[in-house]
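Engineer: As a plain string of letters, each chain reads:
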Amino acid sequence: MEGSRGRMAFIPHILLLLFLLLITTSTTTSSTLRRPLKPCKTLILYFHDIIYNGLNAANATAAIVASPAWANRTILAGQNHFGDVVVFDDPITLDNNLHSPPVGRAQGMYLYDKKEIYTAWLGFSFVLNSTDYKGTISFIGADPLMNKTRDVSVVGGTGDFFMTRGVATLMTDAFEGEVYFRLRADVKLYECY
Amino acid sequence: MEGSRGRMAFIPHILLLLFLLLITTSTTTSSTLRRPLKPCKTLILYFHDIIYNGLNAANATAAIVASPAWANRTILAGQNHFGDVVVFDDPITLDNNLHSPPVGRAQGMYLYDKKEIYTAWLGFSFVLNSTDYKGTISFIGADPLMNKTRDVSVVGGTGDFFMTRGVATLMTDAFEGEVYFRLRADVKLYECY
Amino acid sequence: MEGSRGRMAFIPHILLLLFLLLITTSTTTSSTLRRPLKPCKTLILYFHDIIYNGLNAANATAAIVASPAWANRTILAGQNHFGDVVVFDDPITLDNNLHSPPVGRAQGMYLYDKKEIYTAWLGFSFVLNSTDYKGTISFIGADPLMNKTRDVSVVGGTGDFFMTRGVATLMTDAFEGEVYFRLRADVKLYECY
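Chains as they are written, first to last, in this note's numbering: chain A, 1 to 193; chain B, 1 to 193; chain C, 1 to 193.
In short, the hints are calculated from the structure, not lab data.
A few of these clues could be false.
What the hints assert, rightly or not - Result set (SDA-like, lysine to any residue): computed pairs, CA atoms no more than 25 Å apart in a straight line: (1) C:Lys115 with A:Ser130; (2) A:Lys188 with B:Asp160; (3) C:Lys148 with A:Ser130; (4) C:Lys148 with C:Thr93; (5) B:Lys188 with B:Ala77; (6) C:Lys38 with C:Ile75; (7) A:Lys115 with B:Tyr180; (8) A:Lys134 with A:Lys115; (9) A:Lys188 with B:Phe162; (10) B:Lys115 with C:Val103; (11) B:Lys38 with C:Lys41; (12) B:Lys115 with C:Thr74; (13) B:Lys38 with C:Tyr193; (14) C:Lys148 with A:Thr169; (15) C:Lys41 with B:Met163; (16) A:Lys134 with C:Pro144; (17) B:Lys115 with C:Arg184; (18) A:Lys134 with C:Met146; (19) C:Lys115 with C:Ile75; (20) A:Lys115 with B:Ala77; (21) A:Lys134 with C:Asn147; (22) A:Lys134 with C:Thr149; (23) C:Lys134 with B:Asn147; (24) B:Lys115 with C:Lys115; (25) C:Lys115 with A:Asn129; (26) A:Lys115 with B:Gly177; (27) B:Lys188 with C:Lys134; (28) A:Lys134 with C:Lys38; (29) B:Lys115 with C:Asn72.
With the hints as constraints, model all of the structure from the sequences given.
Structural biologist: Here it is as structure tokens:
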């Protein structure tokens, strides 16, 4: 009787083991197909860009540094700013107030890359230095900035964000002519270490 | 007899469990060593770059926006274009015909970075918007463009390409002087969600 | 007796299986939380940047190609070089000697992005071509270069570094005015294929 119970228990064991073996090897030996259900970390942050226009040297956090032959580096170019490259060091805040205490800086560059409408391409990092977070999150991606929301890729991180990956949803929270804009970034990290 | 069969079956169990434990913990608690056998998704796409040269403003999809001190932004620099930075918004097609219906745009920048031979460095995204695919794929990497094929990294994606990673093999499919070139990109994605 | 031993062994089995099932499914169906203990590959490399200053055309490995309106492309800008974009093709060596045989080239760009102190943002690749390694490693990230050490992200790779990810710790190993600097990069890869 005891032996027979042992033999019966043996069957589901084998099935379970085979199942485990299957899903385990599928994640280790071939390309991975994973569907994360929810982020392992989320952050909502605002950053503020004040573009140098020849008059605001003291306050500016960004400057046009490159432009096509038909434009200059003080005024954003025609043709929807096509070809303008901007370097920036923008304060990051937890709310939409430029004057709130910054929790870090957004640093890097963006470039306008379409003649017909406003569209940008971004390469930058959040450099966070607050009681909550110390570390960097790096982003690249297309920013079709006339869309209400647009997603860019989180491609790496350091410190508290060591090796992270994910997606950030950007929203233009405010803009004032060609001098100031504020972006809200909903950062969703799906790989945390 | 029954009991002895149970005991014999017990030994491979333990071995299997130990094996499973080993490979499972190795992927979760330490650095991962994975050898993908084949991509989870592949795409073959062409993109077309028409560089502004002072005469082709209507058709140009790209413009030199930065160059070293010895050069200007209308004609590609000497010394194998070293230091020229180009911003682009190129149509993407499914075949090698510039006039085929575009399935998206390749947007971003490249820069020439070697004095002795033509070599570029790329940072750009495919922004796909077709019945088949909606989303972005972002690339960075060195492009030794005199090589028949060269690989760049797929570092992230959004939409249909959420969180993707992989490698793209680039081939120069055509070039006409310093105005037009066409690249074929064999995109191989090894992480799909 | 034999049967009773089988039944007793059965309990830890189930626990172990449940444990395995838990950790295995947690890595495949939801966002991943992984804590790598040690890199799967490490490299210590030096790269050497000689910035064009109008006099050193033959030796220069880098050139300012973009700058804000108040600066030019021969001399690094005031305000801690804010807005200067530099394209580079630097030799990589295994030790700190500029004249050691190079094992590859560091190619890409950096930009200075802060008015108050020296800070840079990097986008570049190591293109390695030696008996030990053939392939590329791509980096992006903030470089607060006045810090003794700072981490940037390894976001992709090709060849021997296919699909790799990790972190690189940069250290300024030497600098001579505004013409030469040497960085030591401790590259720690946590995803190897």
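Engineer: Does each hint fit the structure? Answer for all of them.
Structural biologist: How the hints compare with the structure:
1. For the given pair, C:Lys115 sits about 21 Å from A:Ser130 by alpha-carbon distance, which is consistent with the 25 Å threshold.
2. Pair hint A:Lys188 plus B:Asp160 holds up; C-alpha atoms about 16 Å apart against a cutoff of 25 Å.
3. At roughly 20 Å between alpha-carbon atoms, C:Lys148 and A:Ser130 fall within 25 Å of each other, so this suggested pair holds.
4. Between the alpha carbons of C:Lys148 and C:Thr93 the distance comes to roughly 20 Å, so the proposed pair stays at or under 25 Å and holds.
5. A C-alpha spacing of about 33 Å is found between B:Lys188 and B:Ala77, which places the hinted pair above 25 Å, so the restraint is violated.
6. Distance check on the hinted pair: C:Lys38 and C:Ile75 sit about 43 Å apart at the alpha-carbon level, beyond 25 Å; violated.
7. With a CA separation close to 18 Å, the supplied pair A:Lys115 and B:Tyr180 stays within the 25 Å bound.
8. With a C-alpha separation of about 39 Å, the suggested pairing of A:Lys134 with A:Lys115 is violated against the 25 Å cut-off.
9. A hinted pair counts as satisfied when its Cα atoms are at most 25 Å apart, and A:Lys188 with B:Phe162 qualifies at roughly 12 Å.
10. Note on B:Lys115 and C:Val103: the hinted pairing holds, with a Cα-Cα distance of about 18 Å set against a maximum of 25 Å.
11. A threshold of 25 Å between alpha carbons decides the hint, and for B:Lys38 with C:Lys41 the separation of about 23 Å falls inside it, so the pair holds.
12. Between B:Lys115 and C:Thr74, the direct Cα distance comes to roughly 17 Å. Compliance with the 25 Å bound is thereby established for this hinted pair.
13. Distance check on the hinted pair: B:Lys38 and C:Tyr193 sit about 12 Å apart at the alpha-carbon level, within 25 Å; holds.
14. A distance of roughly 34 Å separates the Cα atoms of C:Lys148 and A:Thr169; the hinted pair therefore is violated under the 25 Å criterion.
15. Pair hint C:Lys41 plus B:Met163 holds up; C-alpha atoms about 24 Å apart against a cutoff of 25 Å.
16. Restraint check for A:Lys134 and C:Pro144: the C-alpha separation of about 14 Å stays at or below 25 Å, so the hint holds.
17. With a C-alpha separation of about 24 Å, the suggested pair B:Lys115 and C:Arg184 falls inside the 25 Å cut-off, and the hint holds.
18. Our distance criterion of 25 Å between C-alpha atoms is met by A:Lys134 and C:Met146, whose separation comes to about 17 Å.
19. For the hint linking C:Lys115 to C:Ile75, the alpha-carbon distance of about 16 Å falls within 25 Å, and the restraint holds.
20. A hinted pair counts as satisfied when its Cα atoms are at most 25 Å apart, and A:Lys115 with B:Ala77 qualifies at roughly 24 Å.
21. For a cut-off of 25 Å, the pair hint linking A:Lys134 to C:Asn147 stands: about 15 Å separates their Cα positions.
22. For the hint linking A:Lys134 to C:Thr149, the alpha-carbon distance of about 15 Å falls within 25 Å, and the restraint holds.
23. Among the hinted pairs, C:Lys134 with B:Asn147 is consistent with the structure: their alpha-carbon atoms are about 15 Å apart, no more than 25 Å.
24. Between B:Lys115 and C:Lys115, the direct Cα distance comes to roughly 31 Å. Violation of the 25 Å bound is thereby established for this hinted pair.
25. About 18 Å separates the Cα atoms of C:Lys115 and A:Asn129, which keeps this hinted pair within 25 Å; it holds.
26. Our distance criterion of 25 Å between C-alpha atoms is met by A:Lys115 and B:Gly177, whose separation comes to about 23 Å.
27. With a C-alpha separation of about 20 Å, the suggested pair B:Lys188 and C:Lys134 falls inside the 25 Å cut-off, and the hint holds.
28. Of the supplied pair hints, the one linking A:Lys134 and C:Lys38 holds, its CA atoms being roughly 21 Å apart against a limit of 25 Å.
29. A distance of roughly 21 Å separates the Cα atoms of B:Lys115 and C:Asn72; the hinted pair therefore holds under the 25 Å criterion.
Checked against the numbered hints above, the structure breaks hints 5, 6, 8, 14, 24 and satisfies the rest.
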